[in-house]
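Under numbering that gives the first Met the number 0, the final residue of the sequence shown carries the number 424; numbering is consecutive throughout.
Among the hints, a few may not be true.
[What the hints assert, rightly or not] Derived DSSO-like pairs: lysine-lysine, alpha-carbon spacing no greater than 27 Å straight-line:
#1 Lys7 to Lys233
#2 Lys360 to Lys230
#3 Lys393 to Lys360
#4 Lys233 to Lys360
#5 Lys393 to Lys7
#6 Lys360 to Lys217
#7 Lys393 to Lys61
#8 Lys393 to Lys230
It should be emphasised that the hints constitute simulated quantities derived from the structure, not laboratory data.
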Amino acid sequence: MEKFNSIKITGIPLPIYLGITAILVLAMEMGWLPSGMIGAFLVMMVFGGLFNIIGNNLPIVKTFLGGGAIVCIFASAGLVFCGAIPTSVVENVDNFMNTTGFLNFYIAALITGSILGMNRTLLLRAAIRFLPVALCAMTMAIVAVGVVGQIVGFGFIDAVMYVAIPMMGGGMGAGVVPLSGMYAEALNVDSAGIISRMIPASTLGNVMAIVGAGLLNKLGEVKPSLSGNGKLMKKTDDDMKEGEGAALTIQNLGMGLITAMTFFMLGTIINKFVPSIHAYAWMIILVAFSKAFGIVPESFENAAKQWSQFVMGNWTSALLVGIGISMIDLGAVANSISPMYLLLVFVVVAGVALGAGIGGKLVGFYSIESAITAGLCTTNMGGTGDIAVLSASKRMELLPFAQIATRICGALILIVASILVQVLF
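Could you put the whole structure together from the sequences, leaning on the hints where they help?
Written as structure tokens, this is what we have:
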């Protein structure tokens with residue numbers, strides 16, 4: 000009993016936490032849950048904390064499948080699939096995540112803090128090498144899945160256009176949706192039929208990328224020489240060492256919050272004029288440019304880093320539950336499962352991870368970190384997938400590079416697809 004009482008979830012003793020959970024479940028079932036941010040956030044945080052501690056203590060799950068991250072996503076998605084979460088709660092969480100913009104709020108904090116908190120020399124050296132590694136790995140995976148698709152009877156073109164390309168497009172909104180419009184226009188058909196063929200590839204690719212991230216984390220523990228423990232680049236120079244940073248203060252958290260939101264606003268504004276490039280990508284470019292040329296004062300850099308650490312430490316599990324409730328359709332995943340289809344998705348995920356791991360090693364990256372960011376993060380479902388993959392691999396500090404892979408490489412995939420669809424269809 001003493002051990003039971005000593006367990007804490009997000010700092011709250013387990014008996015009290017379970018009491019809060021019981022009241023929350025009752026409120027959900029009786030329709031008493033507050034609408035808007037309070038109700039949605041409470042659901043996400045309470046279930047997130049519970050699922051996270053469960054996942055981090057399940058032997059096989061914590062060792063090979065990503066631990067708490069994968070349980071947060073798929074346990075919450077499973078509750079929705081089984082009808083255990085009322086529709087009104089699902090809609091409220093979906094609205095909070097997407098319409099209200101909690102997802103953007105979270106990603107803005109992590110991108111800004113992660114980049115501004117990086118060593119400037121490290122950022123410049125890594126970025127120059129990162130894009131070529133990611134693009135070469137993606138090309139390798141596309142060719143591989145086309146060849147395998149031809150061998151198993153799925154077809155080279157279909158394997159490339161309906162499996163690989165949707166997986167690498169940057170997620171649902173940034174990838175699958177515009178791709179379906181391109182295909183529908185070229186084929187003169189309704190985009191609904193096209194998108195139904197693409198969603199399973201994107202969803203399964205996301206699942207395999209998350210699982211792969213957990214396995215790569217385990218590989219890094221078994222083979223420490225392959226892992227940088229969250230550091231992408233093998234660095235030996237004194238000018239690439241991280242500084243001590245400033246002491247954490249309440250004022251710094253406020254400064255960091257405003258800094259993150261300002262950069263997100265600027266990225267959104269530029270996206271209005273150049274919509275072909277996602278707002279996240281513009282945000283990354285602006286933050287990286289500011290860091291590279293020392294535009295942002297050091298006090299703001301420290302504040303942004305501290306704010307991102309606060310957000311990541313307190314709200315990652317909550318966000319993953321929100322992803323599971325609002326963005327993962329277990330029915331679509333189940334309906335698409337067949338040995339051939341699973342093989343093709345696996346070839347893409349394994350091919351891009353292997354290519355990025357090898358390519359990264361050649362340019363001075365740690366193989367595990369390169370395989371995760373320049374590899375797996377090109378096959379997940381956008382920003383949400385990046386967070387899930389990095390959380391499963393326990394490498395959230397690599398989010399800036401994951402976003403480069405997702406947003407910039409995803410945008411390039413759309414450009415390539417717009418050309419291929421005219422040639423192949």
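Checking each numbered hint in turn, tell me which of them this model violates, lowest number first. As far as the earlier hints go, only 1 is violated by this structure.
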